[in-house]
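J.: Take the sequences, apply the hints, and build the full model.
Protein sequences appear in the order of chains A and B.
Mapping to UniProt numbering: the first sequence position 402 is 402, numbers consecutive.
Mapping to UniProt numbering: the second sequence position 103 is 103, numbers consecutive.
Derived from the structure by calculation, the hints contain no laboratory data.
Be careful, since some hints might not be right.
Which copy is meant is left open, so a pair is good if it fits within one copy or across any two.
[Stated by the list, open to error] Calculated lysine-lysine pairs in the DSSO-like style (CA-CA distance at most 30 Å, straight line):
no., residue 1, residue 2
1, Lys323, Lys312
2, Lys355, Lys307
3, Lys327, Lys32
4, Lys9, Lys157
Number of protein chains: 2
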Amino acid sequence: MIEISDNKKITINKDRLLFRLEEMSQFGLNKKTGGIDRQLGSQADKDTRRWLKDIWEKDIGLKVTVDAVANMWGSYGEHLKNKPIVFGSHHDSVPNGGKFDGALGVLMAMEAIQSISDSGIKTRHPLEIISFTGEEPNSFSVSTLGSKILCGRLTKKDISILHDRNTGRPLTEAIDWLGGNSSQIDSAVLEKGTMTAFLEFHIEQGQRLYRKQQAVAAVSCITGIYREIISIKGEANHAGTTQLQDRRDALCAASELCLAIEHIMEDFTSIAVTVGHMQIIPNASNIIPGEVSFTIDLRTAFPEDRKKALAKLKERIAAIEKKRDIKIIRRLNLDQPEMSMDETAVEAVMKAIEKEAQPPMKLVSMAGHDAANMARLTKTAMLFSQSVNGYSHCPQEYTAPREVAIAAQVYLDTLLILDKELV
Amino acid sequence: MIEISDNKKITINKDRLLFRLEEMSQFGLNKKTGGIDRQLGSQADKDTRRWLKDIWEKDIGLKVTVDAVANMWGSYGEHLKNKPIVFGSHHDSVPNGGKFDGALGVLMAMEAIQSISDSGIKTRHPLEIISFTGEEPNSFSVSTLGSKILCGRLTKKDISILHDRNTGRPLTEAIDWLGGNSSQIDSAVLEKGTMTAFLEFHIEQGQRLYRKQQAVAAVSCITGIYREIISIKGEANHAGTTQLQDRRDALCAASELCLAIEHIMEDFTSIAVTVGHMQIIPNASNIIPGEVSFTIDLRTAFPEDRKKALAKLKERIAAIEKKRDIKIIRRLNLDQPEMSMDETAVEAVMKAIEKEAQPPMKLVSMAGHDAANMARLTKTAMLFSQSVNGYSHCPQEYTAPREVAIAAQVYLDTLLILDKELV
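T.: Quick look at the structure:
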């Protein structure tokens, strides 16, 4: 083995990476839509794991282990004394999702560790790649499952009550079937300080890089996610005989509120806010809606903006209640704070971007990621690549080979910088 | 028998009417809500028919027949040469409906015919009371079933394809079970000119009489009902990563359109318009809605107003499509024209109102009624009584005994005027 130095350039194997991306895309491929169905606990989830294990062990020479929540770990250089640098992403998908989300993060970790191994250089830290269990929203009503268990945000008790909302299958059964050990789930929990750093690659899922025709960006912060469930209580009544002044139409009130919520994004460009789910009661064409409930999903990395936006919303809600003689009830559903990435680790990504002669760019991630959980345990950074048209969670998801290759090289460079700079 | 003259005052038996109203309210009584569950084809529907038949035959002395669609007919004075005056309403209810809707119209017809019979006077026309089959919206997706068959708006073929959307039971099976003969359904069809007139009593279901603290009104016209199904095609996308300028949110577009539709009622006071049913796709809290469809129910007795309102709506739709880069598809679902009541028959109601010293009032009915179908066959009029708070299709539906009695007397007077004035 040789020592790494700034003079020695290790390059990733672009063709191997793209070949594996194609191969991995066969697991869960929906032939009708071209999308990927690789949800937590599916046969495709299990098949992908077997394929990954084979490559990790046979092609890359890693030691593969599976923890109690079925996260897959592949380690390299265990003999070294320092604490490992961990990197990876997830291999599951949303229903009819894309080929890149998660998968490319796992493949990039594999490419980086194999390039390092191929080069014969000696790193200062052991390297461990990870493919997380159940990162995507799924029918078990849990997301970033694997990393939440690692950092202690979810416990054995929490997951013991979860079932597939379609089939009734217990989550614990799915975890065990995938190779985990749900009865010992807490054994997967990691203490702070067991790693040197964590790095995740992900496609941006938005259009910011695509608009500037840039390939990569460092993530500065992962958005906070705040959710409310709003219930509007009006009065169901006859669609013909109820005059305008007697109507207490819950859907018209909801419409006003939806537009006020959309307007938040004009006042605060740091905020993304969405009404995605709505239920109307009784939902009959000839009855004025008496009750409407809907969700608000509000994301920002700037809690001060959120505070101001919610104060404005409160005023609007009071005005709508008064004007329409209806009652609006708010219930907090989720309040997940924003998570800043580690400064040193982000700077390592920025240096690697510079090294590959890419324009410097830092972005807030407006989607949640396993990295947000890992940041509770160790110095964490993320690298984004361009998403063409910003498509995400759909078959049209795409990152071109050129951008994939640039991202993979920056990713490898970042790892080597982290290896060199961190204790 | 004696001849009727203006000098002879026949009065209804208020106590008998109110007693029967209480008795009839036991059929389908929902003990939890106090509402009435007497939907088409239910056991309560059948039980009510048996109770009605008993009273019609034994207490009033009518000849009872059931036609092929299971409408119940009770006739008096068949020996007379003139064509009969027909009057009545329906005995079915919406789920968890009120005690008055339909039922009071049947009971008032019974009270009128019994008062006439008790008085010993001789009418010029045979009298026939009717309780229609399936007037209310129901799970067979048909309303005013009995009268639609009578006037030929529905045929055997039309009803042969209808099934209970919850249980799959064929409508023909329900009709036969209630005493009809679905295989001979067309035998129930009536030609124009087989009756002298038709009169229906109904509660107003709105607040116009209640606001003025008046008891009764003549109906001048039954509203036209126009329904569209609107489909908005936007683009489903990630709730976090999709910036405002990239959103094509179908629910925000629907919200704007709902408010524009509500605004129609400010521009045109003759119009009642409602968005009662809405469906959101994919309807997940973290996905921007890609598709929304909803119903428009627009009612007016003034087709010119409807035309102007729809022209304005078209402009608004085009503006929303352009502004939001979405597609809005409109589909006509129902276009039932308004139906004016017969002038002579309405004047008979107005004279009866005057006779009972009630303030004169004519109203447009904003709900559909069997009378709208009967108006295709004969000179038709309707009498409304006050609905307290306008409550309708709910357990709170109420008309006070005083107003019931006034309405019953005006109703009886109207019949006698029609009997006297019409050939």
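J.: Decide, hint by hint, whether the structure agrees.
T.: Outcome of the hint check:
Taking identical chains as interchangeable, the C-alpha atoms of Lys323 and Lys312 lie at most 30 Å apart whether they share a chain (17 Å) or sit on different chains (25 Å). For a Cα distance limit of 30 Å, the shortest separation of Lys355 from Lys307 qualifies neither inside one copy, at 39 Å, nor across copies, at 67 Å. In the homo-oligomer, the alpha carbons of Lys327 and Lys32 lie at most 30 Å apart only across protomers (25 Å), although the nearest pairing inside one protomer, at 46 Å, exceeds that limit. Within a single copy, Lys9 and Lys157 get their C-alpha atoms no closer than 48 Å, and across copies no closer than 81 Å, so neither meets the 30 Å cut-off.
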